[in-house]
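Protein chains: 2
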Amino acid sequence: MEGPYAPLVAPDVPLVERKRRQARQRIIDAADELFLANGFDGVSVSDIAERAEVGRMTFFRYFGDKQEVVFAKQEELLAMIAAAQSEAAVSAPRTVAEAIEQLRPVVLELCARVTADPESFTRHYELLASHRELHARDALKTQQAAGTLRALLVHRGCTEDVALLAAEVAVACYQTARQLAGDPRTLPEKAATAFDQLHTLTSSNARTSAGSARGDAGNR
Amino acid sequence: MEGPYAPLVAPDVPLVERKRRQARQRIIDAADELFLANGFDGVSVSDIAERAEVGRMTFFRYFGDKQEVVFAKQEELLAMIAAAQSEAAVSAPRTVAEAIEQLRPVVLELCARVTADPESFTRHYELLASHRELHARDALKTQQAAGTLRALLVHRGCTEDVALLAAEVAVACYQTARQLAGDPRTLPEKAATAFDQLHTLTSSNARTSAGSARGDAGNR
Numbered sequence: 060m061e062g063p064y065a066p067l068v069a070p071d072v073p074l075v076e077r078k079r080r081q082a083r084q085r086i087i088d089a090a091d092e093l094f095l096a097n098g099f100d101g102v103s104v105s106d107i108a109e110r111a112e113v114g115r116m117t118f119f120r121y122f123g124d125k126q127e128v129v130f131a132k133q134e135e136l137l138a139m140i141a142a143a144q145s146e147a148a149v150s151a152p153r154t155v156a157e158a159i160e161q162l163r164p165v166v167l168e169l170c171a172r173v174t175a176d177p178e179s180f181t182r183h184y185e186l187l188a189s190h191r192e193l194h195a196r197d198a199l200k201t202q203q204a205a206g207t208l209r210a211l212l213v214h215r216g217c218t219e220d221v222a223l224l225a226a227e228v229a230v231a232c233y234q235t236a237r238q239l240a241g242d243p244r245t246l247p248e249k250a251a252t253a254f255d256q257l258h259t260l261t262s263s264n265a266r267t268s269a270g271s272a273r274g275d276a277g278n279r
Numbered sequence: 060m061e062g063p064y065a066p067l068v069a070p071d072v073p074l075v076e077r078k079r080r081q082a083r084q085r086i087i088d089a090a091d092e093l094f095l096a097n098g099f100d101g102v103s104v105s106d107i108a109e110r111a112e113v114g115r116m117t118f119f120r121y122f123g124d125k126q127e128v129v130f131a132k133q134e135e136l137l138a139m140i141a142a143a144q145s146e147a148a149v150s151a152p153r154t155v156a157e158a159i160e161q162l163r164p165v166v167l168e169l170c171a172r173v174t175a176d177p178e179s180f181t182r183h184y185e186l187l188a189s190h191r192e193l194h195a196r197d198a199l200k201t202q203q204a205a206g207t208l209r210a211l212l213v214h215r216g217c218t219e220d221v222a223l224l225a226a227e228v229a230v231a232c233y234q235t236a237r238q239l240a241g242d243p244r245t246l247p248e249k250a251a252t253a254f255d256q257l258h259t260l261t262s263s264n265a266r267t268s269a270g271s272a273r274g275d276a277g278n279r
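Note that the protein sequences, when read in sequence, are chains P and D. In this text, residue positions in the first sequence follow this note's numbering: the first is 60, and each later residue adds one. In this text, residue positions in the second sequence follow this note's numbering: the first is 60, and each later residue adds one.
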């Protein structure tokens with residue numbers, strides 16, 4: 060339901076930084092292949108480093124532990140989408156409803172990109188389901204995603220309180236979509252529906268009383 | 060800002076079950092004391108079992124691992140609050156807004172109860188902050204709390220889709236409050252404000268178009 064997104068292009072970077080990124084990417088790809096072949100517990104950091112043709116020290120320069128590399132792709136995608144969005148000339152959201160709406164395209168683009176290769180997406184979740192600690196780390200990463208979304212809103216001039224709640228609600232829409240999307244290809248659509256359900260509820264009131272959200276908050 | 064809550068009383072249970080609960084509680088208390096004295100990594104399951112005067116086998120009958128015991132109190136509180144609420148004669152919420160409002164008192168009661176002993180609450184978060192795996196497990200427990208809230212709504216006859224989104228949004232309010240409540244005693248108030256901010260936005264529209272939320276969802 061979303062149009063195709065343009066490739067995410069990293070800004071021009073010096074050679075040394077490009078080399079760093081290539082090494083990092085090799086580690087991610089090597090880990091992907093090894094986890095698929097041998098399972099998470101059947102692969103050591105040394106295995107990954109060897110296949111990526113880097114030293115163990117280099118691995119740990121990029122990733123705190125073996126679990127981190129599992130989430131690198133999605134984390135990087137969100138960071139790049141948020142960075143691209145923070146370049147856009149968008150005015151500060153004045154209400155929670157506006158702030159949530161500003162996060163909608165970010166979350167939908169993330170959903171579209173993480174499921175662009177549905178099989179890889181499915182493998183990712185199978186890996187998480189196979190391992191309790193990975194499942195927990197995934198939950199932590201989702202919380203950290205809320206931090207990235209909040210920072211984008213704050214960058215646009217949103218107040219901290221509004222940004223915090225809007226980011227958590229945007230993540231709630233993402234989490235809902237993840238649980239409803241049996242087929243990964245439906246993830247963007249499910250996320251859009253979740254935002255729609257909140258938006259349908261909030262929009263007419265938000266239009267007529269923009270700005271009242273925070274002022275009224277304590278008066279119930 | 061919330062009135063005092065009545066003590067949560069477990070229903071009458073047979074002796075063998077009471078003994079089980081007492082053993083479980085002794086394990087939780089022993090772990091609490093030992094983590095406070097020696098830190099999470101300085102305490103083994105054997106240490107906890109010994110102090111609680113149970114065997115290691117008994118520990119693992121109640122808790123999957125050492126991390127689980129850290130979250131037992133909050134998990135149990137939520138389960139008891141949700142159980143008490145599921146006894147109440149409340150009709151099925153028809154919209155996401157109604158469903159979120161039905162979860163408000165559950166989340167606020169949880170906030171009030173977990174902070175009833177502010178020092179213990181602060182110690183809990185200090186323990187989480189000290190340990191990355193605990194931090195991740197906490198994130199997982201928060202996701203599981205959404206499952207408990209969703210089940211309560213479904214029990215009341217709410218549709219799965221609405222229950223799922225409402226539960227995730229209720230957790231978003233809780234997460235927002237946790238991050239804003241520098242002083243634990245303000246947690247219930249911060250959570251109420253988060254619900255208010257969404258409610259202020261949603262209420263007037265929800266009143267005039269109850270039931271439209273799902274029907275309109277796909278039409279933007």
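Simulated from the structure, these hints should not be mistaken for lab results. None of the values given here were measured: they were computed from a predicted structure. One or more hints might be untrue.
Which copy is meant is left open, so a pair is good if it fits within one copy or across any two.
[To be verified] Computed list of lysine-lysine pairs in PhoX-like fashion (alpha-carbon distance at most 25 Å, straight line):
(1) Lys200 / Lys125
(2) Lys125 / Lys249
(3) Lys249 / Lys200
Quick rundown of the hints versus the structure:
no. : hint            : verdict
1   : Lys200 / Lys125 : both (14 Å within a copy, 22 Å between copies)
2   : Lys125 / Lys249 : neither (31 Å within a copy, 37 Å between copies)
3   : Lys249 / Lys200 : both (20 Å within a copy, 24 Å between copies)
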